[in-house]
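For the sequence shown, this note's numbering gives the first residue as -11, with consecutive numbering after it.
Calculated from the structure, these hints are not laboratory results. Ideal Cβ placement from N, Cα and C applies to all residues, glycine included. Any given hint might turn out to be false.
[To be verified] With a straight-line Cα cutoff of 30 Å, these simulated DSSO-like cross-link-like pairs (lysine-lysine) come out: (1) Lys94 with Lys19; (2) Lys89 with Lys19; (3) Lys19 with Lys85.
[Unchecked claim] Restraint ranges, calculated between C-beta atoms of paired labels, are given here: (4) Arg49 with Arg(-6): 29 to 39 Å; (5) Arg29 with Arg105: 37 to 47 Å; (6) Ser106 with Glu69: 34 to 44 Å.
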Amino acid sequence: MARHNREARGVDQLGTLWRISYQPDWLSRIKISRHLPGDRRRSMVTLFRNPARRAEASPGRVVRTGVSSVDGSVDFRISVEDPNGIVESVIVVTRRKRGRKREIVKYLLESRLPPPRS
-11 MARHNREARG
-1 VDQLGTLWRI
9 SYQPDWLSRI
19 KISRHLPGDR
29 RRSMVTLFRN
39 PARRAEASPG
49 RVVRTGVSSV
59 DGSVDFRISV
69 EDPNGIVESV
79 IVVTRRKRGR
89 KREIVKYLLE
99 SRLPPPRS
């Protein structure tokens, strides 16, 4: 039986604090990728890592994940219906105005937790 979502926090490359709502038996980590000010390359950092080493139960048929910045500038929720357990990752791309520029930020949600022991 699937368990209720857990709440966690993370900090990105710019020091922004994030709230994460995650299904503990599905999500293994979230990475965030963006261009840093004055830099031409993209920077990727792990925003959140599930403290569990393996799932305690099988994830539910639908898993939900929420990511929001504490300052309120980003807030999204995704639901993945994965009855066969084949989804490995989900990429969410956001675009927002940051000062005079548009910033594209990518979030990689990975579901690589080992299954529960039988």
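Each hint tested on the structure:
no. : hint                           : in the structure
1   : Lys94 with Lys19               : 8 Å, holds
2   : Lys89 with Lys19               : 22 Å, holds
3   : Lys19 with Lys85               : 21 Å, holds
4   : Arg49 with Arg(-6): 29 to 39 Å : 18 Å, violated
5   : Arg29 with Arg105: 37 to 47 Å  : 41 Å, holds
6   : Ser106 with Glu69: 34 to 44 Å  : 25 Å, violated
The structure is inconsistent with the numbered hints 4, 6, although it conforms to all the rest.
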